[in-house]
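Here is how the chains run, residue by residue.
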Amino acid sequence: MVTYNLLAAAFFLLGVRFFKLLRLKRRNLSTEDIDEQLCALLNEKRKRR
Amino acid sequence: MRKKIGVLFRKTRKTAHTFERLQTCKHCHTYHVLWETHCGECGREYQPIRSIAAAVTHRYAQSRFLLLALFVSLAVLFAKTLPQLLAACGIGLLLLVLFFLIQKKYGSYERDGQFLAYITQEQSAIRQALVRHLEDVGADVKAGRIKEAYEKTREIGHFIQSDTIKIRKIMFLNHFILRKDMELELDTLVTSTYDKDFVEYLREVVKVQPSLVKKSVLEYVRRYKPYILLQENGGQLIGQVAGAALRMKPYVEQYQDLIIEFLDYIPRDRLLRLAKLARTHGQEVGWELLYAATKKQVDTHYTFDPDFAGIL
Numbered sequence: 001m002v003t004y005n006l007l008a009a010a011f012f013l014l015g016v017r018f019f020k021l022l023r024l025k026r027r028n029l030s031t032e033d034i035d036e037q038l039c040a041l042l043n044e045k046r047k048r049r
Numbered sequence: 050m051r052k053k054i055g056v057l058f059r060k061t062r063k064t065a066h067t068f069e070r071l072q073t074c075k076h077c078h079t080y081h082v083l084w085e086t087h088c089g090e091c092g093r094e095y096q097p098i099r100s101i102a103a104a105v106t107h108r109y110a111q112s113r114f115l116l117l118a119l120f121v122s123l124a125v126l127f128a129k130t131l132p133q134l135l136a137a138c139g140i141g142l143l144l145l146v147l148f149f150l151i152q153k154k155y156g157s158y159e160r161d162g163q164f165l166a167y168i169t170q171e172q173s174a175i176r177q178a179l180v181r182h183l184e185d186v187g188a189d190v191k192a193g194r195i196k197e198a199y200e201k202t203r204e205i206g207h208f209i210q211s212d213t214i215k216i217r218k219i220m221f222l223n224h225f226i227l228r229k230d231m232e233l234e235l236d237t238l239v240t241s242t243y244d245k246d247f248v249e250y251l252r253e254v255v256k257v258q259p260s261l262v263k264k265s266v267l268e269y270v271r272r273y274k275p276y277i278l279l280q281e282n283g284g285q286l287i288g289q290v291a292g293a294a295l296r297m298k299p300y301v302e303q304y305q306d307l308i309i310e311f312l313d314y315i316p317r318d319r320l321l322r323l324a325k326l327a328r329t330h331g332q333e334v335g336w337e338l339l340y341a342a343t344k345k346q347v348d349t350h351y352t353f354d355p356d357f358a359g360i361l
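Order-wise, the sequence lines are chains A and B.
First residue of the first sequence? That's 1 in the numbering used here, and the numbers climb one at a time after it.
First residue of the second sequence? That's 50 in the numbering used here, and the numbers climb one at a time after it.
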C-alpha cells in the first residue's frame, strides 16, 4: 500500500509541476516584456520616493 | 563661452535588451552596469544576471526532479510483492520520462517567469548599484573627468529615463566638440520640459549627425518653437532640424507646417531634396501647400541655379 501511496504522491508532484509550467506558458512572457518591467520597476520606485 | 574639448568616447555595448547590460558579482551580491568585467571589491568576474537567474531556475527544476526520483525510489523499496515492484518500476520510470518531456517543452517559460521574479526581488539592490554609480559620476565631475562622467551617465541612462539624467548627459555633452564619427545620442535626451542646454546641444548635433533627428526631436521643436525662436539664431536652428526631417517622407508629411514656416532657413542641399520630393509626390493629397511653398522658394531664390532647373 505504501508503494501505491508513494507513486500517487509522485504523480501529484508531477501534476503540480505540469500545471505550474502550463500557467507560465499561458502568461506568454517575452524578453521584451521583462525588459519593460525592469525599466518600469526602476523608474517607478524613483518616482515614489 | 565655454571652451569645448575633443574626446573619443568609449564604445558602448550594443544589446537587444536593457537587462543584458546588468551584471552581478555572486560573491558580493552587488550589481554593475558599467564596462568593468571584474568586481572592484573581490576581483571576481561579473556574471550576466540572466545566466544567474537561469542557474537558479535550473537548480529548482533539478530539486523537483530529485524529489520525484526519491518518491519513485521509495515506492520501489517499499514494494512487498512482485506486482507492486513491477508497478513501482514501470510507473516510476514513466513519471520520470514525463517529467523530462514536460521540462523540455515548457522549461523556457519557467526560465522567463523566474527571471522576472528574480529581477523584481532584486530591484532594490539594482537601484543601489545605480545610485553608487551616480555617486561615482559626482566624484568624476568634481575631479574634472567629464568624459568618464558622461560615459557612466550614458550607461545609467539605459535604466533610468528621468529628466535629471537626461539634463546631466546634455550638460556633459556640451563640454565636448562633436564629430561625425562619434557615437552620439539625441532622441534619448529629449526632456519633458524646455531645456536651453538641450537646444544648444541640438544645434551642434544637427550639424554633424542630422540622421539623429527623429520624431521625438521634431515634436520637441514643434512644441517649444516659441522658446527656441527667442534664442540666438533660433530660426536657423529650426530650419536645420526641418531640413533633417526631409530624410523620410512620413516626417515631411507630418511636420510640413514646420518645414513651410522655416523654408527660408533650410540649407540649399536640403531644399534640393525637398524640391525633388515635391516633384515626386506633389500630386498626392496633402502635399499641395508644401508643393506651392517649395515652388515659391525655389522661384524666388534659385531660379538661375542649374541644380534646381526643371525640377518644379
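The hints are simulated quantities; they were obtained by calculation from the structure and are not laboratory data.
Every residue, glycine too, gets a C-beta built ideally from N, C-alpha and C.
Errors might be hidden in some of the hints.
[As the list claims (entries may be wrong)] With a straight-line cut-off of 16 Å between C-alpha atoms, the simulated EDC-like cross-links for lysine to aspartate or glutamate are:
(1) K20/A <-> E159/B
(2) K25/A <-> E159/B
(3) K53/B <-> E69/B
[Unchecked claim] Computed footprint of chain A on chain B, listed as stretches where at least three residues anywhere in the stretch have a Cβ under 8 Å from a Cβ of chain A:
(4) 110-120
(5) 141-152
(6) 207-219
(7) 304-317
Consistency of the hints with the structure:
1. K20/A <-> E159/B: Roughly 9 Å separates the two Cα atoms, so the pair holds.
2. K25/A <-> E159/B: holds, 8 Å
3. K53/B <-> E69/B: Measuring from Cα to Cα gives roughly 33 Å; hence the hint is violated.
4. 110-120: Our answer is that it holds, as 4 residues pass the Cβ test (under 8 Å) against chain A, meeting three.
5. 141-152: This one holds; 6 residues, not fewer than the three required, reach chain A with a Cβ under 8 Å.
6. 207-219: It holds: at least three residues are needed, and the segment 207-219 of chain B offers 4 whose Cβ sits within less than 8 Å of chain A.
7. 304-317: violated (count 0)
When each numbered hint is compared with the structure, violations occur for hints 3, 7.
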